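Undergrad: Spelled out from the first residue to the last, the chains are:
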Amino acid sequence: MAGATDDVVIKVRGLVNAFGSQILHDHLDLDVYRGEVLGVVGGSGAGKSVLLRSIIGLNPIKEGTIEVFGRDTSNLSEAQWREIEMRWGVLFQEGALFSSQTIAENIQVPLREYTEMSQELMNEIASMKLSLVGLSEDAAPKHPSELSGGMKKRAGLARALALDPEIVFLDEPTAGLDPISANMFDGLVKDLQKSLNLTVFMVTHDLDTLRATTDRIAVLVDKKIVVGTIDELRKNPHPWIQEYFSGPRGRAAA
Amino acid sequence: MSTAQDSFAPDARARFRMERKPRLVRLVAEGEWTTRDAGRLDTQLRGIDLGDAVDAEIDGSGLGRLDSAGAWLLVRTKREWEKHGTRVAPIMLPQLYSTLLHAVEHEHTAPPVVIHDRHTLEAFVTRVGQATIHGFKQGLGILGYLGRVTVETTEAIYHPRGNLRVAALIHQVEETGINALPIVGLLAFLIGVVLAYQGADQLKRFGAEVFTINLLGVGLLREIGGLITAIIVAGRSGSAFTAQIGTMRVNEEIDALQTIGINTVDALVLPRIIGLVIALPLLTFYADIMGMIGGAVMCYFDLGITIPVFMRQLQEAISVNTFMVGLIKAPVFAFIIGLVGCFEGLQVERNAASVGKLTTRSVVESIFLVIVLDAGFSIMFSILGI
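Heads up: the sequence lines are chains A and B, in that order. Okay, so the first sequence: first residue is 1 according to this note's numbering, each after it adds one. Okay, so the second sequence: first residue is 1 according to this note's numbering, each after it adds one.
Same shape as in the complex, but just chain A:
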C-alpha cells in the first residue's frame, strides 16, 4: 500500500504478560501497518496466541499499552469497544462457529448485532461472503458439525469478514489443513487482502504460508519481538531465528 505504510493501525508498547512467575512477554513493542499482512511466529508456548488475545481484549494485560485505530484499548467505554469490534474480525483456530446455528446464520450474527437489514439482504450477503471465501452455497443451510475442518475455517473467515472489517486476526489459519487446502487458503487470504484492502494479523507456524502471504514477519523470541521480512530475518544472527528460517523446513519453504 504505497503512501499508507506509515499508517499504524495496531500499536503495542511495553506489553508485559505473565502467568504466575512465568513471564511471557517482557516489555514487547509491535507496530502493525494498514494494509499489510503480518505473520507472527514463535516456538510453542512463546505466547503467540496470548499476544493475539491481548490485542483483541480477551486477555487482561499486566503492563503496557495497546492502541488500535489510534485508541488506547485499556480505557474504552462499552460503546467505544463496540465501535472497534465492528472494525475487526477474528478467525479462531477451529473456526469457533456457533454449533447450534447454520453457516448462514453464523455469518449473519454480526450483521444482526450491528446493522439493520432485511432478512433477504442478510441472506444475500451471507451467500456473497461464502463465495468470497470459496465455499459453495450448499454450505449455507448446513450446521458446522456437517463441515470438514477446512470448510469450517473458510466459514469462520466468512463470519470474520461479515462486517467488512479493516483488520482480520487469523489464529493458525492453515493448521490441520492438507497442503493443497493450505495453499488455497493462502491464496484466499492474499486475494481477499487485496480486494477488500485488509490488514491481516496472522499467527501461524506454516513456513509456506509465511512465504506466500506475509509482507512482514514478527518473531517472538526471548520474550520480545523481532520484526522483518523473511530475507531480513534470514540474516538475523539469533540462533532460534536461524534455526527457524534456515533449518530443513525453512529451506524447503524458500
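Warning: the hint list may mix true and false statements.
Under the rule of at most 25 angstroms between Cα atoms (straight-line distance), these lysine-lysine pairs were calculated in the BS3-like manner [said to hold, decoys possible]:
| # | chain 1 | residue 1 | chain 2 | residue 2 |
| --- | --- | --- | --- | --- |
| 1 | B | Lys357 | A | Lys142 |
| 2 | A | Lys223 | A | Lys11 |
| 3 | A | Lys194 | A | Lys152 |
| 4 | A | Lys190 | A | Lys11 |
| 5 | B | Lys137 | B | Lys204 |
| 6 | B | Lys78 | A | Lys194 |
| 7 | B | Lys357 | B | Lys137 |
| 8 | A | Lys224 | A | Lys11 |
| 9 | B | Lys78 | A | Lys152 |
Stretch by stretch, here's where chain A covers chain B in the computed footprint (C-beta under 8 angstroms, at least three residues) [said to hold, decoys possible]:
| # | stretch |
| --- | --- |
| 10 | 28-37 |
| 11 | 65-71 |
| 12 | 99-105 |
Calculated from the model, a selection of chain A residues having no Cβ within reach of chain B, i.e. all distances over 10 angstroms [to be verified]:
| # | residue |
| --- | --- |
| 13 | Lys11 |
| 14 | Ser49 |
| 15 | Thr115 |
| 16 | Leu207 |
Everything labelled a hint here was simulated from the structure, so no lab data went into it. Values in this document were obtained by computation on a predicted structure and should not be read as measured data. Quick reminder that beta carbons are idealized off the backbone N, C-alpha and C, glycines included.
Here the structure of chain A is known, so what remains is to put chain B in place on it, guided by the hints.
TA: Relative to chain A, chain B alone:
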C-alpha cells in the same frame, strides 16, 4: 484510505440519486457505501422504478468508500435491472475498487440461497415424526445394550477370566457411594422433616398424630427413601458416567482402547454398573436412616413424641418386609441408571456439544425409567400382596 475522522465528514452519508433522460436511467452513488448503511440503501434500491428506460448506467465514480456489502448492492441492482430486460452498462467505479467489484461480481454468480424457515407447521410435523422414530430407535438401542451388558455381567460373574476390574470397581463404589453420602444424607433428613411436619399437621385434626410415625415409616422406607436416592444418584453419577465416557469418545480414547484390544464393556461399563449396584442399596439404607432421624427430630419438636415412644410406635407400624421392599428396588434402579449412563456415553459423537446433549438426555431418561420401574414395582407388590 479512509480514517475514523472522515467517516464523520458531511458527504460521508451513503446516498444515491437518479438522473432520468428519455429511455435512459442513471444511478449516481455517492458517499460511503458500507455495511452500516446497507440495510437502508437496500430498501431504497429495491423501490426504484425504471419506467420505460431501455438503457441504464450505474455510476459509482464519486463514491468516498465502498466495501463488499456496498459492492454487492451495486452488482445486485445491475442484475435485477438486466432481468427486467434493461441494458446496463458496466458499473463505473474508482480504480481502487476494481478488484473488490471483480471479486464480488465474479465469485458470486449463483442466486442467493433460500434459508428454510424452521417454524412452519410442516417443519413441526416433520420434527415430531423424526423424534418419534428416534425415540423408538433409542429404546431399541438401550434394550440391545441391556442384553449385551447382562450377558457380559453374567459371564464375568460365572466364568471369571480376570476381566472384572476390581480396582476400578472399588473406585466407582467410592465415587458413587461414599462421596454421595453428604448430599443424600442431608436431603433424606430434610425430606423426613418435611414429611413428619405435613403428616402431623393433617393427622392432628383427628387426634391421630401418633400415626405420623406410621406415615413416616411406610412412606420413607418403602417408597421415598429409595426413590429420592435413585434420583440424586441419577443426577450425580449417571450424568458423570455419560460425561466421562462421552469425553473419552470425543478424544478417541474409546477407539484407542478398541485397537489395543480391550473390551470397552469390561473396562468401562461393568465397573461402573456393578459399582453402582453395590453402592446404591447402601446409600438407600443410609438415606432411610437419615430420613427417620429427620422425622424423629420433627416429631419431638412438633408433637412432643420422645425418641423411645417413636421407636416403639415404629416397631408396631412397620415390619421388616416394608423395609426390604424399599431396599430390594435399589439394585434394579442402580442397574438402570448405570446402563443408561454408559449407553448414552457411548452414543456421543466426536464433538464437544454432543457430550452436553447426551448427558442431559441420560439424566432425563434414567430418572424417567426409575420412576416407571418404581410404579411397576408397586403394581407387582400389590398383586403379590406384600
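Undergrad: Next step is simple, just say for each hint if it's right about the structure.
TA: Hint by hint, here is what the structure shows:
| no. | hint | in the structure |
| --- | --- | --- |
| 1 | Lys357/B - Lys142/A | holds (19 angstroms) |
| 2 | Lys223/A - Lys11/A | holds (17 angstroms) |
| 3 | Lys194/A - Lys152/A | holds (23 angstroms) |
| 4 | Lys190/A - Lys11/A | holds (23 angstroms) |
| 5 | Lys137/B - Lys204/B | violated (52 angstroms) |
| 6 | Lys78/B - Lys194/A | holds (24 angstroms) |
| 7 | Lys357/B - Lys137/B | holds (17 angstroms) |
| 8 | Lys224/A - Lys11/A | holds (15 angstroms) |
| 9 | Lys78/B - Lys152/A | violated (32 angstroms) |
| 10 | 28-37 | holds (count 3) |
| 11 | 65-71 | holds (count 3) |
| 12 | 99-105 | holds (count 5) |
| 13 | Lys11 | holds (14 angstroms) |
| 14 | Ser49 | holds (19 angstroms) |
| 15 | Thr115 | violated (6 angstroms) |
| 16 | Leu207 | holds (27 angstroms) |
Of the hints listed earlier, those the structure fails to meet are numbers 5, 9, 15, in rising order.
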